[in-house]
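Participant: Residue-level listing of the chains:
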Amino acid sequence: MADSEQVPAAPPTLAERTVALARDVLGDDVLEVVAFRDETTIIVPPARIAALCQALRDAPELRYDFLADVTAVDWPDRVPRFDVVYHLLSIPTRAVVRLKVRVGDEGEEQPHVPSVEAIWPAANWFEREIYDLFGLVFDGHPDLRRIMMPDDWTTHPLRKDYPLTGFVLPDPHWGGQVPFGEPLPPGTGQQTLRTPGGAPGDIDPEK
Amino acid sequence: MQLDEQRILETESSVQLDATRREDTMTINMGPQHPSTHGVLRLILTLEGETVVKAIPEIGYLHTGIEKTAEAKSYFQALVLTDRMDYLAPLSNNLGYALAVEKLLGITDGIPPKAQFARVALVELQRIASHLVWLGTHALDLGAQSVFLYAFRERELILDIFELCSGVRLMTSYIMPGGLQADLPDGFAAKVRDFIRIFPARLREYHDLLTNNRLWISRTKGIGPLTAEQAIAFGASGPVLRGSGVAWDVRKMFPYSSYEQFDFEIPVGTNGDTYDRYLVRMLEMDQSLKIVQQSLDGMPEGRWQINDPKVVPPPKWQVATNMESLIHHFKLFTEGYRPPVGEVYQRIESPKGEIGFYLVSDGSAKPYRMHVRGPSFANLQALPLMIEGQLLSDVVASIGSIDIVLGEVDR
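Protein chains in written order, with the numbering used here: chain A, 240 to 446; chain B, 252 to 662.
Just so you know, these hints were derived from the structure itself, not from any lab. Please read these numbers as outputs of a predicted model, since none were measured by experiment. Do not rely on the hints blindly, as some may be mistaken.
As the list claims (entries may be wrong) - Once the Cα atoms are required to be at most 27 Å apart in a straight line, the calculated DSS-like pairs of lysine-lysine come out as:
#1 B/Lys365 to B/Lys472
#2 B/Lys305 to B/Lys472
#3 B/Lys324 to B/Lys567
#4 B/Lys305 to A/Lys399
#5 A/Lys339 to B/Lys561
#6 B/Lys561 to B/Lys324
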């Protein structure tokens, strides 16, 4: 696995060609290239993600024509706070790559990411899902509405600061949630994940 | 409620901008409690007479927060959540999750051959079972009631095999990270061979009932067309993609769990209509049976789990007699294992298409993030392409041909 590098005569693998193309297109904007378990991740700034995706889709020798997945990861203690992760696949060449952007300034409630819906229509629902569950806004998305939660939901459940047990909702039940920035009623959200001090029922032995 | 009305009005106004609009445009709601939406899918349809001019799928009625729940479970516990996504193919979900965790742990190469072959046999049986439910309900939607009863009769045989292995018919959790939960039981091979003997004739019966049936052809041929370009652009996978003529199967393209040792073909359609998707699934059942046969014939001897007490619990008799094993057992069930910091994406070919597990580890005993790329979720996105411009009565045929499971769409 790890010692497949440094072989001089071997032709560049698809992953290497992808990274080379990314460097051609973005130059120094390629922030980081990570290889882990035979998977390549290219980390780029959010402003350039659409340009890179367009280039990868149109590159004649790679042709990433299939957007397998878009998702996000929340790192509440980190700035920028969110990862948006794209899994690309090429049906003609069988190449795979993962792209990642990091967004969210300190205290920014709803960070913005450029949409790739115009490049792959498949991104439509995946981006809606992230908008719904993480609260990231995709600029240029034609139909950015909630997809899983009810339309009048005000919070974003997959964020790490959203308690697993949910909130105790004041009546009326729907639409009566706690808005952003307001303190929770006492006694709610007992099982928040990874809060300092742990929580009852949390089996993480580090705590 | 108000928002819904507003959206329906918006839909209507967008239709009104269309120059070809007729006076009798009407917006109707289909589902979520509609027997032919295979769960709780809701469609907002704008009709001109009987023709659908615009369709907006609404999902989320079965959103259970599985991804959120998994973040609070250890890797070992999160396995049972995966059964409950695509509840018609729990073993396929188990396999995808198990492979993702194994990749994260870096133990993929350590999985014994017997476990790999058994996994292949089980997920292929699961594929047949899932396709049987699809076949039965799809035919039922279009008015062929007897196929439904026959398909469920055969599915029961497969569920009996699962019950023999794991003690449960549906939510087996039998495939787990590191191997299988338990060794294959004694009567397994005999029971599967029975099924292999019985099933081809039954499959021919289904073909006799539907494949050349004029009613079936007129309800499915040319209905819900999807071109290959559209299917790829919208992220469709599995039989929907193959029905449109793209020979893409994760089992062939990125072999996992020793699929590279099996000999099978990928059935591919040409027209991308409901009939082709039907045929692709019917032919896939043949191929799956072939794979199960090969798996039984070539089933290696040996362990059914990786020999690593940090990942799989030691046998019970050792726990009772051996101090080390007791410690391993205790650590595994109270704490679990800690994969290194990193992230993996594992794709497998589930009966519905490409199911992908994206796991992020922060070095703790719980997945920091588990995201599931549900094949039904992506396939369902292509539904408006299939049904816009078609008749209202064909909407049901198109929904059936995608084979959605809302548990996986909404997660």
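Participant: Out of the numbered hints, which ones does the structure contradict?
Facilitator: Going through the list in order, the structure violates hints 1, 4, 5 and respects the others.
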